[in-house]
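Assemble the whole structure, with the sequences as input and the hints as a guide.
Numbers 1 to 536, taken from full-length UniProt numbering, label the letters of the sequence shown in order.
Treat the hints with care, as some may be off.
Simulated restraints on C-beta separations [stated by the list, open to error]: (1) S65 x D148: 34 to 42 Å; (2) K493 x V424: 44 to 52 Å; (3) D148 x N346: 50 to 58 Å; (4) Q502 x P231: 47 to 55 Å; (5) C418 x E534: 35 to 43 Å.
I should point out that these hints are in silico values taken from the structure, not numbers from a laboratory. Even for Gly, the Cβ is constructed at its ideal location relative to N, Cα and C.
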Amino acid sequence: MEQTTFFTLGQRVHSSTDPRRVGTVKFVGNVEGYSGTWVGVDWDNEGDGKHDGSINGVRYLQGRSQNSASFLRPQNLSLGISLLQALKLRYQSQSTEQDEDEMYVLSASNKRVSVQLLGKDKIQDKLSRFEELTSASISYLGVSTPGDPAEISASVPNLKELDLMGNLITDWKDVGTICEQLPHLVALNLSNNLMTQNITGLPLLKAIRVLVLNSTGINWSQVEILEHSLPVIEELHLMGNNISSIKPTSSSTVQGFDSLRLLNLEDNCLAEWDDILKLSQLKSLEQLYLNKNKLTCIFYPDKNKIQEFLSNHESCEESYFPFQNLRCLLLGSNEINDLASIDSLNTFPKLIDIRFSDNPIADPGRGGLPRFVLIARLAKVEMLNGSEISARERKESEIRYVRLVMSKLLDNPEEINCLHPRFVELKNFYGIEDERPSVGAAGPQKMASGLLSITLKCVASSVGEKLPLTKKLPATTTVGKLKALCESFFKLKSLKLKLFLQEEGSPLPMLLDDEMATLMDMGIGNESTIIVDEES
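Next up, the structure:
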């Protein structure tokens, strides 16, 4: 039975056999060489199709990629179901015999052992009573319409959290209808629903505090329109929307969002820090997620720019500071590669949690800074790359950093002040004296910073397990010399060695690949651990 009259271009559909296979109708009609009517769909997941929209040299639609499009008979596609139908399907349908068969674990002899869920009947009974539901997940069930509004409010009056990810909702008016009928709804997830550009007519969403709009196709202009309907929004997630700029509509900075504490802009296309500064007047903003963008540098406005900003914005209070309540800034997987960006983070008034992983400046493998240098340069940070900085790690990192700078730049004080703004402060704080090797033949030469206690762990697979050794070594010992010593300590004469510095809080050890560099040059401090491995 063909249903061509139901399908229109731009309509969202899913496969009748798989509601997770979602796409957009791009063609309805005849295909040369094939009988009947066909519906051309461009699937959201590029691998779900068979071609790019052309068959036998004739193009019927333009797919997103070479394998994102396919043609199907109308009966093989679904236009979706209502919100209440999805709730009944998820929470009121009984487990089939096949479902029960799937609930098993494998025994030691690889046989199926059925799993019995304690209290399963009671849980199922509670979930089936919609009036008791406070949280519901109906993701990827093909929801395309709210259905009867009155029926929604009567069926699930106490719903507080609703997950609608991966459905077929496109119209913001439908979102408004759902929210109006759920007065207690505080959290709504619309991720992977391709929303229309038109947001007009959206009512005031008085209770929504968390809104997730990842991969919905929303742009910043629409976000500014949404703000008028979200008076108490606290968390706004906008991942994966190809947002490349932030252009406020009525001012040079983003206004409103008075309650917004968390803004998630991960996995977008933001490349200019000037765009991020347009968010600096969001006074309640505590967490800003910018991982996986294209930022190359960051900076904090100087006093002159702040004063200029205040004079141009009469609505701002005299006590205004950019990002005045920001505590967490995630900048992982960008393209930041300069020291000034690192040092500028000290200027943010309350910033204590930073992610910098997978940036060139923070990747020792690409010539970036090791963790201990980042800690030393960032005075107020308590959490770095998801790992807490203990008081001990901070102290050891700052001392190592001072000694590293002293070993390289002691004769260039101007360069020290320019490139290492915290050096003098830290040197004085820890009372580290300038120490130089004595010159002349009167007795042995004094080492630059005495002896270091180093623990050596041999993990070379070809020689088996060996107990760690702790040795006192001069800070001027080179990496090459240490390799030779390790050959002797662990009897590894026939192996070519690699050395790694194991740092607290760092997920991977740092390769020591410069054989001429000294332990001091590498910033290796007292009680450090070095891993001894063999070349593969």
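Using the Cβ atoms, figure out if C418 sits within 35 to 43 Å of E534.
Since C418 and E534 have Cβ atoms about 41 Å apart, the given range 35 to 43 Å holds.
How does the Cβ-Cβ distance of D148 and N346 compare with 50 to 58 Å: does it lie in that range?
This hint holds: roughly 57 Å between Cβ atoms.
When you take the CB atoms of K493 and V424, is the distance between them in 44 to 52 Å?
Once the Cβ atoms are compared, 46 Å apart, the range 44 to 52 Å for V424 and K493 holds.
Given a hint of 47 to 55 Å, does the C-beta separation of Q502 and P231 actually sit inside it?
For P231 against Q502, whose Cβ atoms are near 51 Å apart, the range 47 to 55 Å holds.
Quick check on a hinted range of 34 to 42 Å for S65 and D148, using CB atoms only.
With Cβ atoms ~39 Å apart, the hint holds.
When the structure is compared with the earlier hints, no violation turns up for any of them.
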